[in-house]
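Trainee: Listed below are the residues making up each chain.
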Amino acid sequence: MNKIWIITRRELSSFFDSLIAYVLIVIFLGLSGFFTWLFGNNVFVIGQASLQVFFQIGFWTLFFFIPALTMKMLAEETKSGTIELLSTKAVTDWQIVTGKFLACLLLVMIALVATLPYYVTVSRLGSVDHGAIIGGYLGLVFLSAGYISIGIFASSITNNQIVAFLIALLIGIFFQLLFDMLGFQFRGGLGSVFNYLSMRTHFDSLSRGVIDSRDLVYFASVILGGLTVSQAMLSKRNWYS
Amino acid sequence: MQKKSNVIIRLVVFALILFVVNMIASKLYFRLDFTEDQRYTLSKASKDILNDLDDVVTVKAYFSEDLPAQLLSNRQDFEDLLVEYENRSGGNVVYEFISPNEDEELEQEAQQSGIQPVIINVTEKDQVQQLKAYMGAVLMMGDQKEVISVVQPGVNMEYGLTTSIKKLSVTDKPKVGLLQGHGEPSLQEIAQLQQQLSILYEVETIDLSTQTEVPTYLRSLAIINPSDTISDMDFAKIDAFMAQGGNVFVAYSNLKGDLQNGYLSKGPNIGLEDWLATKKVNMGDRFVVDANSGSVTVQQNNGVFNIRSQIKFPYFPMLSDFPEHPTTQGLEGMMLPFVSALNYTGTDSATTFQPLIMTSDMSGLAQTPTMVNIDKKWNENDFRDGPQTLAMAVEGPLAGNQNAKLIVVSNGQFAINGNPPQQISPDNVNFVSNAIDWLSDDTGLIDLRTKGVTSRPLEKLEDGERETLKYANVVVPILLVLIYAFVRKQRYARKKQKWMQGNYN
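Here the protein sequences line up with chains A and B, keeping their order. Going by my numbering, the first residue of the first sequence is number -9, and it counts up by one from there. Going by my numbering, the first residue of the second sequence is number 4, and it counts up by one from there.
Check each hint, because a few of them may be wrong.
Stated by the list, open to error - According to the in silico footprint, chain B covers these stretches of chain A (three or more CB under 8 Å from chain B): (1) 26 to 33; (2) 37 to 51; (3) 116 to 122; (4) 194 to 201; (5) 210 to 216.
Since the hints were derived computationally from the structure, they do not count as laboratory data. Idealized CB from N, CA, C, for every residue including glycine.
One chain only, chain A, in its complex shape (with noise of 0.2 Å):
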């Protein structure tokens, strides 16, 4: 655990070292700021003490910010080569790829903490269901692993960050949008099946403000099976056939 910790917070400040972090997050908290208090269906056109608008609008940013989050993550340390160096220090694959999770999804997490002034406006202005704001929160943060495992994934099969990016946004289309859209065209099993593999059915049952076991188990399932898929792929170099 301790050697996780130490590559998590190696990778943090790596991020807050760089402009990488604040860009992001700037462009995420703009975007998020914009459309929530600003445009269209805001928060004071609806008139409702609820975030039930950002947590619509960080449903789409979060996908598109997340790939560009997670690309460098393995990508760059294959091309470079640093990702021999790192694991020669005693470090297994599973650690290196959990660390560098870590590293992405307390990234998240300080966005979305950065977006608590909404909170607090809106529960002055009336009055707030709290559960369903925590709800609607730790329905972002399971999204956003999910989202990271899966871009640790892409960014462990190739070297290139573009590709990585490409490639965790194309998995990421199924889950965000084909899956839905999928359910709804296919009636019996194969609809039910589409329809459990969709973010989104999971993402609105948590984010009314009720915790199931099915949705947890649904968003660990994503997260664990990016991850081992992700250490596999990192093992490649060692493997012979």
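Got chain A; can you put chain B on it based on the hints?
Mentor: For chain B alone, coordinates are given in the frame of chain A:
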């Protein structure tokens, strides 16, 4: 070093485990409901009704099998709910699912039971097809039957199911009287209210000219929008009813707003106002105007074009803030046009009163009679009289020694569908049903009725303040991040300088 095929086998096994875990988890699950009003948890009313069941209720759920996945979740939710009902009722609720699309006989059975198919569009083999979807249920207890023609998704599902069970299980429904004979609406003209009340009560019309007294078996008597004189004899009968503990609901406007001719005046004296005064409830003779109001559509001729525009009309107060009381639980908003203010003048300590509906702080009283001036520019001076009471509850020995309850609303129209019927806002009906429940000491369904419809309106803000808040919320989070970046950079620069001086501590 590891063998490639071993890695692949390991991944496949892992995928299988995930698959199995997800399969099991979708059958075995738990739910924690963090919503404030426990929207997704069975309400107390449902539990009570299920506990009291002393006979078996059979639920036949007619759901098409091959529904699109989104609608399938509706079926899943309904099944989850039924499982919970089955457990709660100690096996007194049993259910079965039937797929009516399978054969024609079942389909006919469903339609004959009163279940309406919903037509939905699905794409199949590149063609849009119309699918007849059944999503209804028939509930049976003994030889009685209740039909839910379309099972509504969401919180309405519980309300639909519980009320249907309640309708079946209450064999001897308490009776509620609806006064007739003085121009009041008939049962057909209050269809929405009648339908909702019929879950718990049997609504009976009472014509006092043919009866020597108000039947004492009535839980409560409703006097809704009378327009003709009520005789002293009739009032004496109502008083006698109250003297024995009978409860009365009155919805009546003593003012008349005639929008057609633009004339606002006091209505004819039908005696009800004087009778209410004997209960220490006084109806004002001025119109309540509220800055927070509904609007009217006005047609303006602009030379060439006819322009229809919406103009705020303070004679239509919009009510959204309700005092705490069982009758107002969960209400979102109501609009009561052309109302007078109610005043309670009693000083007797045995009698208590409570306002139920009040206008906003920015309210005023307008003189009668007057002509409507739609172009009038309203300003703050018109709204200086503070919140006005539009409905109140009085409780105490109102006509004798026995305790009685009385609810008065200074508008008679708001619960009437009229003839031809017009749909009225559900909250208008909810308020009257809640009031009747409270008067009849049966508040069980109040919680359930308004469950999950809670509106959480934002406070009204001045334009400037709103703009400030908007931009502050966009800018402040970004500013926080930038400040952090700056501080971190400074810290790093200081450290770097120390290093350059050879200080590595």
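Trainee: Identify every previously stated hint that the structure contradicts and give their numbers, smallest first.
Mentor: The structure conflicts with no hint, since it agrees with every one listed earlier.
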